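Student: Now for the letters of each chain:
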Amino acid sequence: MLASSRDQQSRTLIFLPAWNEGESITQVIADVRTQLPDATILVIDDGSWDDTVEVARAAGVEVAVLPFHIGLGAALQTGYRYARDNGFRYFAHLDSDGQHPAGQLPRILEPAWSDRADLVIGSRFTQEGDIPGSEFRSSPLRRLWIHILGRLVSGIHGQRFTDITSGFRAGNHRAIDLFTRIYEPDFGEIEGLQSALAQDLRVLEVPVVMLERQGGASYLTALPSLRFMFKAILTILVGRFRGAGA
Amino acid sequence: MTTLLGFGPLLAATESAQVNLTTRSRIIAAVAAIFFFALVLELIRRRKLQERYTVIWFILALGMLAGAIFPQLLETLANVLGVRDTNAALFALLLLLLLALAFESTITASRQGEQITRLAQENALLKTREARRRAAQAFEDDES
Chain A
1 MLASSRDQQS
11 RTLIFLPAWN
21 EGESITQVIA
31 DVRTQLPDAT
41 ILVIDDGSWD
51 DTVEVARAAG
61 VEVAVLPFHI
71 GLGAALQTGY
81 RYARDNGFRY
91 FAHLDSDGQH
101 PAGQLPRILE
111 PAWSDRADLV
121 IGSRFTQEGD
131 IPGSEFRSSP
141 LRRLWIHILG
151 RLVSGIHGQR
161 FTDITSGFRA
171 GNHRAIDLFT
181 RIYEPDFGEI
191 EGLQSALAQD
201 LRVLEVPVVM
211 LERQGGASYL
221 TALPSLRFMF
231 KAILTILVGR
241 FRGAGA
Chain B
1001 MTTLLGFGPL
1011 LAATESAQVN
1021 LTTRSRIIAA
1031 VAAIFFFALV
1041 LELIRRRKLQ
1051 ERYTVIWFIL
1061 ALGMLAGAIF
1071 PQLLETLANV
1081 LGVRDTNAAL
1091 FALLLLLLLA
1101 LAFESTITAS
1111 RQGEQITRLA
1121 QENALLKTRE
1131 ARRRAAQAFE
1141 DDES
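Protein chains in written order, with this note's numbering: chain A, 1 to 246; chain B, 1001 to 1144.
With the rest of the complex left out, here is chain B (with noise of 0.2 Å):
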């Protein structure tokens, strides 16, 4: 890490506190991704996943893997962020991460909430003329 103003001989003590990955940590990353992007390859077989949803789940298990495999990935990612601490860039990073998913949730939801409302409305108002209809059948009907 780069010698910051006059606090570079602090700095270095806390750095060499660093947290870093352990390999055992960094197997069990790597299998989770692995398993996480099977998952969503094999729920887009099955049709349970629509496509349009899954390009944000390829990138995180792609970004998993590659955090796992390349850890200096993560250090990178660390410094540019300023953030001293691997581990609390990674959390720091997921939260956001998971932060922007449930909010474009509510947005998908909001957007399905509005199309649920007019198919509801359009759903009534058409039985209504159906019913009409036949009403105006079943007189015709008699009639003759």
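Next comes chain A alone, as it looks inside the complex (with noise of 0.2 Å):
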């Protein structure tokens, strides 16, 4: 870590939005303390019926708790929100399963803090494939899908994408401006995207190491394949003509 980052630190909030994660949010805190020791973290409940709140608020960070589940998107843009409302320049969420390594954090926020991008999107994949030494495996069918998924973004935005359902994601003060006012609570993160190409938001992907979930339940592999397919397609078409105004 450069010494000259500590000031950026400082100014960027950690965001975990959590479901159920009683079992492995205390390590993910822990975690993500250890890279980043001057960055503020929140933890969003999404509605858990377990002791998540009570284990995160041990752990010593904030917890802002929604008052009954409504998903992903609307949780994570709480933890945008909440940004914007306490003056931090710089963000990044990550899953609270332990999926997305806190150890790669500095990775994906290390483009934000030089302002070469203003959205930073951990992918699983890189341009020619799995990552080597990745312990990140996938079901052959999820994989396609993520793929053809990220062809018809790539070939709709001018721009290579290779994971664009990824939840681990790091930005800027322009990110976190624009997903406040717009947040899908459905498969938010493909929107989220095209919204931010929408805007001329600088957009980079950066291949990144993750790890097998640690306990839980995939919000993607939770949802029949089939419909999360045309809900997400018809995402991405609706989403090439809606622009960013709403």
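In short, the hints are calculated from the structure, not lab data.
Take these hints with a grain of salt, some might be off.
[As the list claims (entries may be wrong)] Stretch-level coverage of chain A by chain B, calculated; a stretch enters the list once three of its residues show a Cβ under 8 Å from a Cβ in chain B:
#, segment
1, 61-74
2, 77-91
[What the hints assert, rightly or not] Label-pair restraints from in silico Cβ distances:
#, chain 1, residue 1, chain 2, residue 2, range
3, A, L144, B, L1126, 42 to 52 Å
4, B, L1096, A, D85, 39 to 49 Å
5, A, D50, B, F1058, 48 to 58 Å
6, B, Q1115, A, Q27, 28 to 38 Å
[To be verified] Facing chain A, from chain B, some residues (calculated, C-beta under 8 Å):
#, residue
7, T1117
8, A1120
9, Q1121
10, N1123
11, A1124
12, L1125
13, K1127
14, T1128
Remember, it's a predicted structure, so these values are computed and weren't measured experimentally.
The beta-carbon is built from N, C-alpha and C at its ideal position, and this holds for glycine as well.
Join the two chains into one complex using the hints; note that each chain is given alone, in its own frame.
Tutor: Dropping the structure here:
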């Protein structure tokens, strides 16, 4: 870590959307602290019925508790709104289940800190394929979906993306402002990326090593694949014409 | 019904078989319409139904009543729509109306969903702010 980034670290909010992640969240918080001791950590509890809130508070971080389960997109937007309300200039968010290793946070934050990108997406794949040494293994079907969706978005927007559904992201105040205004409760990742591109934000994809999930259930795999595909394609096609006005 | 092209005789034959509303069905429709009308009014009075949602239901009740009293209206409507069977026209119209209402409900639900999301987020953020304020307060009290 560069010494010059200490100041930027203190202006960075790391937020973790959590839905019944009581088992894994303590470790994730500890990992983030080790990596970025000067950053602020916020946990957003999306209506958990386990001890997520108590566990996170015991770990000494602030917890924003949504009154009921709304969905990943709405939880993430709560984080963006917190960042805007409290004047944070940079952000990163990662899953609370441990599949996004905190060790990779500096990697995805660096382009935002050095003002090379407004939105940084941590990708499980490189432009060539799987990252060597990555422990991340998803089902072939899901990888195919991600690949097809990525191709679709890449083709439409003229910039190559390999992992558009990744929830491991970072960025600066421009992305915070945008996502405070609009963030879809469903498939916010794809729509968010598209509105960022529509607003001429500089989006950068950075390959990161991801891990197997430590616990809990993925928002994505919980959905029937076909319905997911249909909605995702609709989102992508409509998103192309929607811009970011609303 | 006006004679269309050269199929006049053929059409006339089918037209005569047209099913019309019987007196009994008209009475039932009228009673239902009046009952419905009263129900809407009562719900507004008891504040169970917001006034902005009542216009469409009033119009529907009025339409039912008008159709029951003046069945010619239905026939005129069927002619305008180009449907030979008055009953079919009635069903088609009701289906379209229900479709429009269902669609309107979905739009309302989407808007309200967005509002609920916003409220939930505001609520969560306010609670964190309040907790922080109280913690600072407790710290100050300890100091003094």
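Student: With reference to the structure, classify each hint as holding or not holding.
Tutor: Evaluation of the provided hints:
no. : hint                         : result
1   : 61-74                        : holds (count 9)
2   : 77-91                        : holds (count 5)
3   : L144/A / L1126/B: 42 to 52 Å : holds (43 Å)
4   : L1096/B / D85/A: 39 to 49 Å  : holds (47 Å)
5   : D50/A / F1058/B: 48 to 58 Å  : holds (49 Å)
6   : Q1115/B / Q27/A: 28 to 38 Å  : holds (36 Å)
7   : T1117                        : holds (5 Å)
8   : A1120                        : holds (5 Å)
9   : Q1121                        : holds (5 Å)
10  : N1123                        : holds (6 Å)
11  : A1124                        : holds (4 Å)
12  : L1125                        : holds (6 Å)
13  : K1127                        : holds (6 Å)
14  : T1128                        : holds (5 Å)
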